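Enquirer: Spelled out, the chains give:
2 protein chains.
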Amino acid sequence: MATELRTLLTATGPIDLTSVDARSTPGFDGDKADGKSALAALGPELADLQERLYAGGRAGSTPRKVLLVLQGMDTSGKGGTIGAVGGLIEPQGLVLSSFGKPTAEELAHDFLWRVEARLPEVGQLGVFDRSHYEDVLIGRVRALASAEEIERRYRAIIDLEQRFVDSGGLVVKCLLHIDRDVQAKRLRARLGDPTKFWKYNPADLDERALWDDYRRAYEIAVERTSTPAAPWLVVPAGRKWYRNWAVATVLIEALRSLELDWPRADFDPATELARLDGEESATGS
Amino acid sequence: MATELRTLLTATGPIDLTSVDARSTPGFDGDKADGKSALAALGPELADLQERLYAGGRAGSTPRKVLLVLQGMDTSGKGGTIGAVGGLIEPQGLVLSSFGKPTAEELAHDFLWRVEARLPEVGQLGVFDRSHYEDVLIGRVRALASAEEIERRYRAIIDLEQRFVDSGGLVVKCLLHIDRDVQAKRLRARLGDPTKFWKYNPADLDERALWDDYRRAYEIAVERTSTPAAPWLVVPAGRKWYRNWAVATVLIEALRSLELDWPRADFDPATELARLDGEESATGS
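For the protein sequence lines, the chains are U and G, in the order given.
Read in order, the letters of the first sequence correspond to residues 1 to 285 in my numbering.
Read in order, the letters of the second sequence correspond to residues 1 to 285 in my numbering.
Calculated directly from the structure, the hints in this document are not laboratory data.
Just so we're clear, the structure is a prediction, and the values are computed from it rather than from any experiment.
All copies of an identical chain are treated as equivalent in the list; a pair is satisfied when it fits inside any one copy or across any two copies.
In silico EDC-like links for lysine to aspartate or glutamate, alpha-carbon gap of 20 Å or less:
hint, residue 1, residue 2
1, Lys-240, Asp-181
2, Lys-185, Asp-277
3, Lys-185, Asp-268
4, Lys-196, Glu-90
5, Lys-199, Asp-261
6, Lys-199, Asp-74
7, Lys-199, Asp-266
8, Lys-240, Glu-90
9, Lys-101, Asp-204
If we strip away everything but chain U, and leave its shape as in the complex, we get:
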């Protein structure tokens, strides 16, 4: 397509999430069946690009590394996206980090300490299921930190991401955007299925009661931390098939932009083949 999806979805200027239809499908012309086919069709290229990245890291031929940040309200489908998109990639290359409630040890450090430790290494595709953004989202809504501290955190996040980019990293930040109706429907589905009870917590409804506060916190966080080095993408996530296709697509676009070649051999293949043949005739095997 002429315009990359990641450009189309990039958040710029003041953000009003109420103006984004959670069930819209920007950049995709088709229905659910088309979307599922399109996702499957992306598999081979995504796997190939990821393997080139991994190979480059192993061979030391590239300094590149990629971080996919997934944020979104409860039931927005962070886990589902990881399952659908991650399933297209070799498990070796995907390093998943889930950020839950900080431990006592983590709280004894700056909020970015645990994040720094989980940043992908050269050659890795790291995926953050929640992230350092929780500290300016729930941190703001629940007043877990002062307003000044939240301000400091926006800047610290920008600095961290810039440093990651400056050392060869590429950041893809996706806000999986749903609305209250989508969440109600998904919570109802969880509450009606005993195999999904473990995903539910009564506190989820307490957080839901603060929907508008969270939405506003997301808008501010996106406005404050969407930088040229690490822009935010707002991905409508009311339709799971679109969400999965969109995240896979922006990831492919990002990986393509790295223009990764396969590492060159630091040995002579013909010599090695001759060694293999010679050794075999010597032992008679």
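Position chain G against the provided structure of chain U, taking the given hints into account.
Expert: Just chain G, lined up with the frame of chain U:
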């Protein structure tokens, strides 16, 4: 089947790997196409069992955790197995650890220090791509440690695995067994494909020259560390499709043996649904 595959493949008594046909397919009656279909057919049950384990860990309703150890000569297909079997599971539940050459920090500790740190937590399915066994394999063949130290390591490994099992763990140790001819064929394939050069290192042929020493080191390690708590399985890996099917199958058998139920709700679903409905009518959404 009447006898579980993991029982069929369990190593007992003195081990002679030269007597195991790397291209045999014990417990499977069929060809490559059948094997690929059979693997795909295992996907839903494997995914379901893994999700029950993960859910139980999250809900705190089970102390169970599972460790899959993959060992084998170069080109035996540890990575390929992880791709094929891991691809059937949600990425969230699979925690992959690859053990390469120890770092200076790791060498400054006992050999099990880095392993201990990567043991799966409750609810996790951990996969070791190489493992603590390297320290009694290359450790023995290359005389990186004294004979007494190697002896100590066998015992230390048994103790570590027993402790893991005693705290709710289940260990599945698979030796992916190939012979010299299979390796030669696979090395030739790597050397003929520029997209595979990164997997090759001239030192691989130096290790290959020590084939019989490594084979003997594997035999001794398996004999010394195949315990009732953590038995070794010898998986013929000369046929990739059989190897993948066999590892998926023994993993399913192991997970089934845990008899994992979905966690019970620690809330009343009807009450929560009523809260959701009430909150919605109050806000008019």
